[in-house]
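Let the sequences and hints guide you as you build the complete structure.
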Amino acid sequence: MARVSGPALAILVAVPALAAGQVSVQGGVLVGRAEHCVVDGGELVASSGTLFGGALAVTIGERFQIQGEALGGGLTTAAAPSLEDHDLAEAQLVGGMHLRPWLTLQSGLSARNYSNALGRQHWTTWRIGAEARVPLGFESVAAVLRGYWMPVVGVSGLSRPDVALAVGVGLDWRGHRMSIGALYSLERYDFAPSNGAQRLEELSTFRVRIGMWWPPTGRAKGST
Amino acid sequence: MRHAVVAVLLLGVPGAAVAQGNTADQLEQAARYHAALDVERELVLLRRIISPNSPFVVTHDQRVLAYKYLGATLVVLGQRDSGIVYFRAALERDPFVDLEPQKFTPAELDAFGEARRLTFGLGIRAIPFDTIDPRTERLGFTVLTTHAADLRVELRSADAPAGVVLYQGITDGPRELRWDGLIADGHLAATGRYELLLSGVSQLTHRPDSIRLYFSIQQDHAPLEDTMAALRAEDLLPEQHPSTMARAELFKGMGIAAAALLIPRTVANGGLRGGGRSLAVVVAGTASLTGVAGFVFRQRHREIPTNIAANAERRARRATTNAAIRDRNQARLAQTRLIVAPAAGVGP
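Chains as they are written, first to last, in the numbering used here: chain A, 850 to 1073; chain B, 809 to 1156.
Hints were generated in silico from the structure; no laboratory data involved.
Among the clues, some could well be false.
Here chain B is said to cover these stretches of chain A; the calculated rule only asks that three of the stretch's residues, wherever they fall, bring their Cβ under 8 Å from a Cβ of chain B [to be verified]:
| id | segment |
| --- | --- |
| 1 | 901–915 |
| 2 | 989–999 |
| 3 | 1013–1019 |
| 4 | 1028–1036 |
| 5 | 1051–1061 |
Partner residues aside, some chain B positions facing chain A, computed with beta carbon under 8 Å [unchecked claim]:
| id | residue |
| --- | --- |
| 6 | V1075 |
| 7 | A1076 |
| 8 | G1102 |
| 9 | F1103 |
The C-beta atom is built at its ideal place from N, Cα and C for all residues, glycine as well.
Right under this line is the structure:
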């Protein structure tokens, strides 16, 4: 049986939808705050900083969505510069399928780099999970709950973590042309103990996304 | 000997009856005698017909005819007053009775005219079974006064206090009236029982009289379509959120806030003492405010615009459908025909 590649499948899905005018696109900017905590060898290193980025989401028909995101920024450990300060750069591509109007099954890849003058650490993850949207009192406001399991995590210079989870909660407002979302997310990675020490790592972020719809009347599903 | 006489009589009577024939035959025979001026034999025959001892059934019409010929016979015999009495008896039973000028003498006609002047009566000719198209046809009535009278002819539903006046004025003799099938309000007569009421006052004797004729009308048209029933509550979408929804919105907002606060405490690794709690508090605060705002909003705005619009569309669709049905029914009703039939009833 011939294997169908991912891009080919996307094209197969997208072309009929494009022809039927069922595609909507959302583009936006991201501004966020990130906190990065690492315990390795009993020493806690916490850094935080502001992130900037952009997002693009394409909704195809009523069931499918592909969203990409790129953001980055500097994370500093304290008021004074130190060797632990580093930059974060991340790109993410997630595909989703709506199982219910309020529930979307999602899966995607992300690539992340932590870098400073001393070196660079590259992360590659594959995540699978779901996003639930709960309408709130206003017609256009919804709460967003996300949960992912990351079965495949590759970290340069480190073994694969035993625990790799990500959760998120936030709010999303969708107007006729614009949308604004705020999302708090937490990623937890627990590495296997080695030589009596265990590496624990977490990245928590708070992001605000301001986006625009095209066409204006179209409303994509879930893109915070 | 006595038995022999009885036997002869028993054998002889049927023979005589056969010879005399029934009432119709006797009347025909009387008419022939009258035409041949054999009034003596005619008189015997007619008196036998009107006698209470007549062995044959005498119908109302036959009795009227017998009185008519009897009156004429008596006039021929010179008994004009007696003849007028019988003419009046005939007129009282049937105001439509008349003498044909080609069959009766001027003296008979004159006596009959005198009888009509002395007798006041109103008459309506019976309505036959008939079907008319009110757009092009009319229903005819024949009414009559025995002499000049102030007559009023009114047609009305049997249970209506007033109807449509077909004629009002002085008339003498028969008069043809035509009815277009419309009642007083201009609508086509509905299915039901109707009466034609004649009331008049004699111009000669000032005697009042009245008579009425009952008949039934049935509207005949193509079957009408039923309109769509009124939308029931279960046919419509709820147009308002339940009153509990405002509280639910508050709980949802608080639930999201709680989830945001719990994540750094439960999912995060305690050894890191981090988890972005301050970041989670921002989301929790926003969710709480949204919940409170949603509570207030839902308290004030319980309507569901999409459902309201959908219901309005359903109502409009029903109204459009019913309007079309009504138009089609009107077109069918416009082609209604009236089936007229005599009905039972007794006038005063």
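Outcome of the hint check:
For the segment 901–915 of chain A, the proposed coverage by chain B is not satisfied: 0 residues have a C-beta within less than 8 Å of a C-beta in that chain, short of the threshold of three. Counting residues of the segment 989–999 of chain A whose CB falls under 8 Å from any CB of chain B gives 3; the rule of at least 3 is met. Using a Cβ-Cβ cut-off of 8 Å, 4 residues of the segment 1013–1019 of chain A lie near chain B, which meets the minimum of three, so the contact claim holds. Counting residues of the segment 1028–1036 of chain A whose CB lies closer than 8 Å to any CB of chain B gives 4, which reaches the minimum of 3, so the coverage claim holds.
With 4 residues bearing a CB less than 8 Å from a CB of chain B, the segment 1051–1061 of chain A meets the requirement of three and the coverage assertion stands. The interface hint given for V1075(B) is met, as the beta carbon of that residue sits about 5 Å from the closest beta carbon of chain A, less than 8 Å. The beta carbon of A1076(B) comes within 6 Å of a beta carbon in chain A, closer than 8 Å, and the hint placing it at the interface holds. Annotation: interface hint on G1102(B) holds; nearest CB of chain A at approximately 2 Å, less than 8 Å.
Of the supplied interface hints, the one on F1103(B) holds, with its beta-carbon coming within about 7 Å of a beta-carbon of chain A, less than 8 Å.
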